Amino acid sequence: MSRRSAIGLATIAALALVWYLATMPLEWISPGRFPSPLDVWLALQQVTLTGYANGLLYQHILHSVNLVVLGFLVAAGTGVPLGLLMGWSARAEALINPVFLLIRPIPPLAWIPLAILWLGLGDAAKIMVIWFAAFVPSVINSFTGVRSIEPAVIEAARMLGTPRGRFVREILIPAAGPMIFTGLRLSLQASWTTLVAAELVGAIYGLGKILNVAQTDLYPGMIFVGMACVAIFGWATTRVLAGIETRSLSWIQLAEARP
Amino acid sequence: MNALRLQTLSRTETALLGVAGVLLFFGIWSFLSLSGLVPHQFLPAPYEVAGRFIELLGTPFAGATLQEHLASSALRFAYGFLLGAAIGIPLGLLMGWFRVLDEIVSPIFDGLRFIAPIAWVPFAALWFGTGIGGPILIIFAGAFPPCLINAYRGARFVPRPLIEAAQMLGTGNLRIIVEVLLPASTASIVAGLRVSAGLGWQSLIGAELIVASTGVGFMMVQAQLDASTPTVMSAMIAIGLVGLAIDVALRALEAAVRRRGLA
Chain A
0 MSRRSAIGLA TIAALALVWY LATMPLEWIS PGRFPSPLDV WLALQQVTLT GYANGLLYQH
60 ILHSVNLVVL GFLVAAGTGV PLGLLMGWSA RAEALINPVF LLIRPIPPLA WIPLAILWLG
120 LGDAAKIMVI WFAAFVPSVI NSFTGVRSIE PAVIEAARML GTPRGRFVRE ILIPAAGPMI
180 FTGLRLSLQA SWTTLVAAEL VGAIYGLGKI LNVAQTDLYP GMIFVGMACV AIFGWATTRV
240 LAGIETRSLS WIQLAEARP
Chain B
0 MNALRLQTLS RTETALLGVA GVLLFFGIWS FLSLSGLVPH QFLPAPYEVA GRFIELLGTP
60 FAGATLQEHL ASSALRFAYG FLLGAAIGIP LGLLMGWFRV LDEIVSPIFD GLRFIAPIAW
120 VPFAALWFGT GIGGPILIIF AGAFPPCLIN AYRGARFVPR PLIEAAQMLG TGNLRIIVEV
180 LLPASTASIV AGLRVSAGLG WQSLIGAELI VASTGVGFMM VQAQLDASTP TVMSAMIAIG
240 LVGLAIDVAL RALEAAVRRR GLA
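Chains A and B are the protein sequences, given in the same order.
The letter at position 188 of the first sequence is residue 187 when you use numbering that gives the first Met the number 0, and the numbering goes up by one with no holes.
The letter at position 244 of the second sequence is residue 243 when you use numbering that gives the first Met the number 0, and the numbering goes up by one with no holes.
If we strip away everything but chain A, and leave its shape as in the complex, we get (with noise of 0.2 angstroms):
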């Protein structure tokens, strides 16, 4: 084992270990302030045995996975084409960056006010939401990856007559991977961040439907199971993406192996 994680283990370890005599034996902490290692457990079997918050945990999950899936697949869909378009042409740059300009300063989560406005509190509001937090990260970052191609490697398609199609398909799209991709982990990150904050103010399910009882409930232990699973599947799906990058990326790797 390296020194770095050798020592990265005794620090989570010690940090457990201090958690654990502060809050059980010790009672430095109130356990109205923060969960003993004992009420989380209890908050967590409470949530995946009998339910809390209108569900079992395995539901909630469910339930913010899908949204954070779909609305990021949304947003991804529409913005990457768009930054896309925006690089390629010109003139649609011109056309569409000033409203761009125009709407981008107003944060993602100042959108959900109008979201439930508009499409009450289910899942459509959210869904929105995302959208908008999303797809901003996806259009900046494709665009600047089409405007970083050289212009040789351009010029050269070009005067080779390399159709439209496999134009797109065999220079662009893989030249500004690796900036599309960048875009997207930001994207996903963005997608949950607003996903949480929408369903704290306003749900049926989810995990932010969790954590907003639970603050009403005074619960600490419950606080505790939801911002871990907030976490634990914010980093699954980032895992998942860069999974998919590794495998569509691969072939830098390959050019780079290359003499």
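These aren't lab readings, by the way, just hints derived from the structure by calculation.
The model shown is predicted, which means the values in this text are computed figures rather than measured ones.
C-beta: ideal position from N, C-alpha, C; glycine also.
Hints are not guaranteed to be accurate.
[What the hints assert, rightly or not] What follows is a set of in silico ranges between Cβ atoms, one per label pair, in the way DEER data are often shown: (1) B:Pro-158 / A:Leu-61: 46 to 54 angstroms; (2) A:Leu-20 / B:Phe-127: 20 to 28 angstroms; (3) A:Pro-36 / B:Gly-171: 50 to 58 angstroms; (4) B:Met-167 / A:Ala-13: 32 to 40 angstroms; (5) A:Leu-118 / B:Ser-29: 47 to 55 angstroms; (6) B:Gly-169 / A:Pro-36: 46 to 54 angstroms; (7) B:Pro-158 / A:Thr-143: 21 to 29 angstroms; (8) B:Leu-74 / A:Arg-32: 22 to 30 angstroms; (9) A:Pro-36 / B:Arg-257: 46 to 54 angstroms; (10) A:Leu-55 / B:Leu-224: 27 to 35 angstroms.
With chain A's structure known, arrange chain B on it following the hints.
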């Protein structure tokens, strides 16, 4: 086919297309609203929103005028952002210099980073209440990570010769951090401040939507409960304007740093 970048537009063409884009945007908005395709209650026309915006500057809504709500939001933002910078930057520099500290803090930091700042709301309310303390923790949770990461990266990428020269001259740890690492990583730190201001401002709005009794986010929730779309939209515009002002200020700081040759 259209060439990329090889195709250049004249200044007037760009300006005309830009104006056309903005007009198209407001045109579609007005059309949807005035034709009744979208119920008027949900989508007021642009001029009605502008009128409401001006009205809100004079008449109080949810206990205060728009600028009073903005002022209390801005104050919270300033506290949380400064706290994030004051802890994040020194800690990042220290982690960049002392390897042990890096190895101890990194696992904790990486674990906490995956918690969206907004998910701290319940604990923030439990620990610090919903007045000013709670929202400050949320802003801090948004603003702290970019400060730390950029200071750390800046410190790690300081050219070796600079550090070696300082060490050869017998400079102590503290002086190396303050006089070598800090100036050499200023550009990275300022870039981090911009990201962190954006995230902090956005986290604050989220926090105010959920727990607060003043502030522009609180005002939006009240307007939403009243089903007053023009008020919600006015608040969104105000939030956008303040966010823009913060970004412009930090951009100016970035430019000033570059001019002074610190970058």
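Here's how the hints hold up against the structure:
For B:Pro-158 and A:Leu-61, the Cβ-Cβ distance of about 50 angstroms falls inside the hinted range of 46 to 54 angstroms, so the restraint holds. In this structure, A:Leu-20 and B:Phe-127 meet the distance hint of 20 to 28 angstroms, their C-beta atoms being roughly 24 angstroms apart. The hint said 50 to 58 angstroms for the Cβ distance between A:Pro-36 and B:Gly-171, and at roughly 42 angstroms that hint is violated. Between B:Met-167 and A:Ala-13 the beta carbon distance is about 37 angstroms. The supplied range of 32 to 40 angstroms therefore holds.
Taking the beta carbon of each, A:Leu-118 and B:Ser-29 are about 22 angstroms apart, not inside 47 to 55 angstroms as hinted. Restraint check, B:Gly-169 to A:Pro-36: a C-beta distance of roughly 48 angstroms satisfies the suggested window 46 to 54 angstroms. A C-beta distance of roughly 27 angstroms is found between B:Pro-158 and A:Thr-143, which places it inside the suggested range of 21 to 29 angstroms. At about 26 angstroms, the beta-carbon gap between B:Leu-74 and A:Arg-32 stays in the expected band of 22 to 30 angstroms.
Look at A:Pro-36 against B:Arg-257: about 50 angstroms separates their beta carbons, and that is inside 46 to 54 angstroms. At about 31 angstroms, the CB distance of A:Leu-55 to B:Leu-224 agrees with the hint of 27 to 35 angstroms.
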